[in-house]
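Visitor: Below, each chain spelled out in residue letters.
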Amino acid sequence: MLIGVENVTKRFGALTVVDDLSFHLGEGEALGVLGPNGAGKTTVFNLITGALTPDSGKVHFAGEDVTAASPHQRCHRGIGRTHQIPHPFEQMSVFENLLVGGAFGKTSGTEHAAYDRCGEVLERTGLLAKANAPAGSLTLLERKRLELARALATNPRALLLDEIAGGLTDHECHSLVETIQAINASGVSIIWIEHVVHALLKTVSRLVVINFGKLLTEGEPEEVMADPRVREVYMGIPAQ
Amino acid sequence: MTDAAMHPEKRFRVAAMTKFSRYGLIVMAVIVLALAFGPLWLDRSNMRLMVELCYMLALAQMWNLLAGYGGLVSVGQQAFVGLGGYFFFVIAAFLGVPPLLAIPLAGLVAAVFAIPTAAVVFRLKGAYFAIGTWVAAEVYMLVFAQIGALGGGSGMSLPIDVVRAIADSRDMREAVTYWTALGLAVGSVALVYGLLRSKYGLALAAIRDSEPAAASLGVDVARAKYIVYVIAAFVTGLAGALIFLAKLRISPDAAFSVMDWTAYVIFIVVIGGVGRIEGPILGTIVFFILRGLLADLGSFYLIILGLIAVGVMLLAPRGLWGLAVERFGIELFPVQRRLDMRKDN
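Heads up: the sequence lines are chains W and D, in that order.
Per my numbering, the first sequence starts with residue 1, numbered consecutively.
Per my numbering, the second sequence starts with residue 1, numbered consecutively.
Among the clues, some could well be false.
With a cut-off of at most 30 angstroms between alpha-carbon atoms, the simulated DSBU-like pairs for lysine-lysine come out as follows [to be verified]:
hint, chain 1, residue 1, chain 2, residue 2
1, W, K58, D, K19
2, W, K130, D, K199
3, W, K106, W, K202
4, D, K247, D, K19
5, W, K106, D, K225
6, W, K130, W, K58
7, D, K125, W, K106
8, D, K225, D, K199
9, W, K106, D, K19
10, W, K58, W, K214
11, D, K19, W, K130
12, W, K214, W, K202
13, W, K106, W, K58
14, D, K247, D, K125
15, D, K19, D, K125
16, W, K130, W, K106
To give an idea of the interface, some chain W residues facing chain D are shown, with a C-beta separation under 7 angstroms as derived from the structure [unchecked claim]:
hint, residue
17, G63
18, T67
19, P71
20, M92
21, L99
22, C173
23, F212
To spell it out: a stretch of chain W is covered by chain D in this simulated footprint if at least three of its residues, at any positions, have a beta carbon under 8 angstroms from a beta carbon of chain D; those stretches are [what the hints assert, rightly or not]:
hint, segment
24, 80-88
25, 101-110
Note that these hints are calculated values from the structure, not bench results.
Backbone N, C-alpha and C define an ideal beta-carbon position, used for all residues, glycine too.
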């Protein structure tokens, strides 16, 4: 087990966003997370990466309790993430955006040591032609790719993807799926929150469905998608 | 044989210099060299003006480092000017340390005071942080006003034997002050440039643009801010020591003046360009030109400065240097790492 979320609860005031939630990510696994808007999916990511700390429950990573660790410490241990709303370093170039992750991430070292790795990540994510462009000048789709590239530059063991396929054309979506499959095949474990279900089903081997901050069901993708409760809460198809 | 063929494992090369910046650095080196001989060709009043320009530039570089890169908008940097100034007097006049050695020691004391100050003000965010730094500076001022040995609220002059210890003649003393000020200005620019060109410069630029993203990529944001705060306090303390070495007299009101050591400095950085190393340089020059032109206007001077600041913020939010970069793409101190792609197939 690489990531373990154990009985985690998070409240914002009176609102319980994540409610006694438990699930895990196996080493090398690709896990998909489904759930309607407001189900608490992004909050779960924030709890795993340390942007938020839970009110109760534990988060484990690679056998260690990281519940109290800060985001940069969790990044050093090997948790990489993309943000649903891209946060590029706008005044820096695309290449420099990656260098931050390359020089300070899990494989931190000298800046020079990160040059080749960051260049290669740019190649893999199709951003090489934009390497020296200011990140602020990128289109939305390029910004989403930059989120992915920057997270990869940290050399993560687990990669958390938050809705990176939304708004892509079929062709772009197809190439993104191939990229993510290749990342997974190279040994990086993945948790992917995505509303573009067909892209998700091509990539993940297991699904977790969250509703109102609680685990609705989990299991094999076909099984989960056939579950009447999932069809009801997620697609609005009545169970009867 | 090309470099790429000799080192096939290194596929990507990174350059930071541009053609313009190479010439720019040469021009600046010539200017600094000419200024180093200033005591030979500048008259007394122009030398004093240059001293002032140099320490304002150092203060502006530090405020830009704090606010432009660390996201720490402080309105309390006068705390470290005052601490540097007062501890310079204490170390030179009461401990008998040679004045030129007392300056770096005073800077170190200011940096040490930054540690407990940070412990308090770093609990506050945004506007509360700004007000907190100001309050901290006022507290330091009130404390120094209570110390009888330092002249209390009316302050003290630098004892004559300390003044003589700087240099025997008045001309030589003013030349020494001038060189120290020039060294401080050049040193502060070099320090910020070196920092930005290093790996930690990447972290600071990342923090400037997005703190949550920087943290999720492994940057220890809180530690970076803390280090920047202490470095800024050190150099600001050095400037404070130099300011009151040049003035030969210190008082709590002058040492901890929010107007002189923070408001004007913010004006300089804002009109020059926040978050760029050239901004404070251009801003300092513009500020001294404006001050020279508007010197006879009394309080209208401040009104005009305020209007200019508002105008620049509305029309060129990245300052005059930011405008120059947008229009002409020029940079004197390039920090961008440009990726050169090698064709190996």
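Visitor: Using a Cβ cutoff of 8 angstroms, are there at least 3 residues of the segment 101-110 of chain W near chain D, or does the coverage claim fail?
Guide: With 7 residues closer than 8 angstroms to chain D, the segment 101-110 of chain W meets the three-residue bar; holds.
Visitor: Hint check: is the beta carbon of T67 of chain W less than 7 angstroms from a beta carbon of chain D?
Guide: violated (17 angstroms)
Visitor: Between the alpha carbons of K130 of chain W and K199 of chain D, is the straight-line distance 30 angstroms or under?
Guide: holds (22 angstroms)
Visitor: Report holds or violated for the interface hint on L99 of chain W, using the least CB-CB distance to chain D and a cut-off of 7 angstroms.
Guide: holds (6 angstroms)
Visitor: K106 of chain W and K19 of chain D: Cα distance at most 30 angstroms?
Guide: violated (35 angstroms)
Visitor: Given the hinted pair K106 of chain W and K225 of chain D, is their alpha-carbon gap at most 30 angstroms?
Guide: holds (21 angstroms)
Visitor: At a threshold of 7 angstroms, is the proposed contact between G63 of chain W and chain D supported by beta-carbon distances?
Guide: violated (20 angstroms)
Visitor: Assess, step by step, whether the Cα of K225 of chain D is no farther than 30 angstroms from the Cα of K199 of chain D, and give holds or violated.
Guide: The hint holds at about 15 angstroms.
Visitor: Hinted pair, alpha-carbon criterion (30 angstroms max): K19 of chain D, K125 of chain D. Please report holds or violated.
Guide: violated (41 angstroms)
Visitor: Sort out whether K202 of chain W lies within 30 angstroms of K106 of chain W, counting only the CA atoms.
Guide: holds (28 angstroms)
Visitor: With the threshold set at 30 angstroms, check whether the alpha-carbon distance from K130 of chain W to K106 of chain W stays at or below it.
Guide: holds (25 angstroms)
Visitor: Examine the segment 80-88 of chain W: at least three residues should have C-beta closer than 8 angstroms to a C-beta of chain D.
Guide: Per the Cβ count (5), the hint holds.
Checked against the numbered hints listed earlier, the structure breaks hints 1, 4, 6, 9, 14, 15, 17, 18, 22 and 23; every other hint is satisfied.
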